[in-house]
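Participant: Sequence:
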Amino acid sequence: MNKLSITFPLERSEVVSMLQHYNISPTRQRVESAEYLFKQPQHLSAEKILDGVLSEGKRVSRATVYNTMGLFAKKGVVREVLIDRERVFYDSNPEVHQHFYNVDTGELSDVYDVDVNMLTAPDLPKDMRIIDTDVVFKVTSR
89 MNKLSITFPL ERSEVVSMLQ HYNISPTRQR VESAEYLFKQ PQHLSAEKIL DGVLSEGKRV
149 SRATVYNTMG LFAKKGVVRE VLIDRERVFY DSNPEVHQHF YNVDTGELSD VYDVDVNMLT
209 APDLPKDMRI IDTDVVFKVT SR
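In our numbering, the protein residues as written are 89 to 230.
Where hints are given, some of them may not hold.
[Claimed, not checked] For each label pair, taking beta carbons as the anchor points, the in silico distance ranges come out as: (1) 208 to 144: 39 to 49 Å; (2) 93 to 155: 18 to 28 Å; (3) 223 to 174: 17 to 27 Å; (4) 147 to 214: 28 to 38 Å; (5) 170 to 229: 17 to 27 Å; (6) 145 to 210: 45 to 55 Å; (7) 213 to 144: 20 to 30 Å; (8) 114 to 212: 31 to 41 Å; (9) 115 to 136: 13 to 23 Å; (10) 116 to 163: 14 to 24 Å; (11) 193 to 105: 18 to 28 Å; (12) 173 to 219: 21 to 31 Å.
[To be verified] The calculated lysine-lysine pairs, modelled on DSS-like cross-linking and capped at a C-alpha distance of 30 Å, are: (13) 163 to 214; (14) 162 to 226; (15) 146 to 127; (16) 162 to 146; (17) 163 to 136.
By construction, these hints were calculated from the structure, which means they are not laboratory data. The model shown is predicted, which means the values in this text are computed figures rather than measured ones. No residue lacks a Cβ here, since even glycine has one placed at the ideal position from N, Cα and C.
Working from the sequences, and respecting the hints, build out all of it.
Facilitator: Shown next as structure tokens:
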């Protein structure tokens, strides 16, 4: 399914429309999780999303947030950025980009392709095409 153009922050009605576009039932918990994530382009763990939704006085369970973010990633609503087995971020920015992960601070930030001198795409088997590339540059202080 095609990516939608997003203007941050998304209003509740826009979140509902976006979920419907991706054939996701807009339950209250899903909408509230998405509303929090789509306030701005950002990279949040499921735990940070849970904390943020709860801090706004809304009720949602930990399991629901984790399941919701997994569903959003599977359907293409968000991009799942795997740093390692312990760290997973959900990226609300739909633009094509890569990432810097600061090992010292735990912060993930965007790097746009124009800023990166990438290798050329490999020769692909016949009838195959690349649908996504995920590059994370892990950085630390000198």
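Participant: Using the Cβ atoms, figure out if residue 145 sits within 45 to 55 Å of residue 210.
Facilitator: Cβ of residue 145 to Cβ of residue 210: about 50 Å, so the range 45 to 55 Å holds.
Participant: Mind checking the hinted window 13 to 23 Å against the Cβ distance between residue 115 and residue 136?
Facilitator: Because 20 Å falls inside the window, the suggested range holds.
Participant: CA of residue 146 to CA of residue 127, is that 30 Å or under?
Facilitator: 16 Å, holds
Participant: Do the Cβ positions of residue 147 and residue 214 conform to the proposed distance bound of 28 to 38 Å?
Facilitator: 52 Å, violated
Participant: Please test the hint of 17 to 27 Å on the beta carbon pair from residue 223 and residue 174.
Facilitator: 20 Å, holds
Participant: Okay, residue 213 versus residue 144 on CB: inside 20 to 30 Å?
Facilitator: Since residue 213 and residue 144 have Cβ atoms about 48 Å apart, the given range 20 to 30 Å is violated.
Participant: Taking the Cβ atom of residue 208 and the Cβ atom of residue 144, is their distance within the range 39 to 49 Å?
Facilitator: The hint (39 to 49 Å, Cβ to Cβ) holds, given that residue 208 and residue 144 are roughly 46 Å apart.
Participant: Just to be careful, I want the Cα atoms of residue 162 and residue 226 compared with a cutoff of 30 Å; is the pair within it?
Facilitator: It holds: about 24 Å lies between the C-alpha atoms, which stays within 30 Å.
Participant: For residue 173 and residue 219, compare the CB-CB distance with the range 21 to 31 Å and indicate the outcome.
Facilitator: With Cβ atoms ~24 Å apart, the hint holds.
Participant: Residue 170 and residue 229, beta-carbon distance inside 17 to 27 Å?
Facilitator: Holds, since residue 170 and residue 229 (Cβ atoms, about 23 Å apart) stay within the stated range.
Participant: Just tell me: holds or violated, for the beta carbon distance of residue 114 and residue 212 against 31 to 41 Å?
Facilitator: Holds: the Cβ-Cβ distance is about 37 Å, inside 31 to 41 Å.
Participant: Indicate whether the distance between the beta carbons of residue 193 and residue 105 respects the range 18 to 28 Å.
Facilitator: For residue 193 and residue 105 the Cβ distance comes to about 35 Å; the hint is violated.
When each numbered hint is compared with the structure, violations occur for hints 4, 7 and 11.
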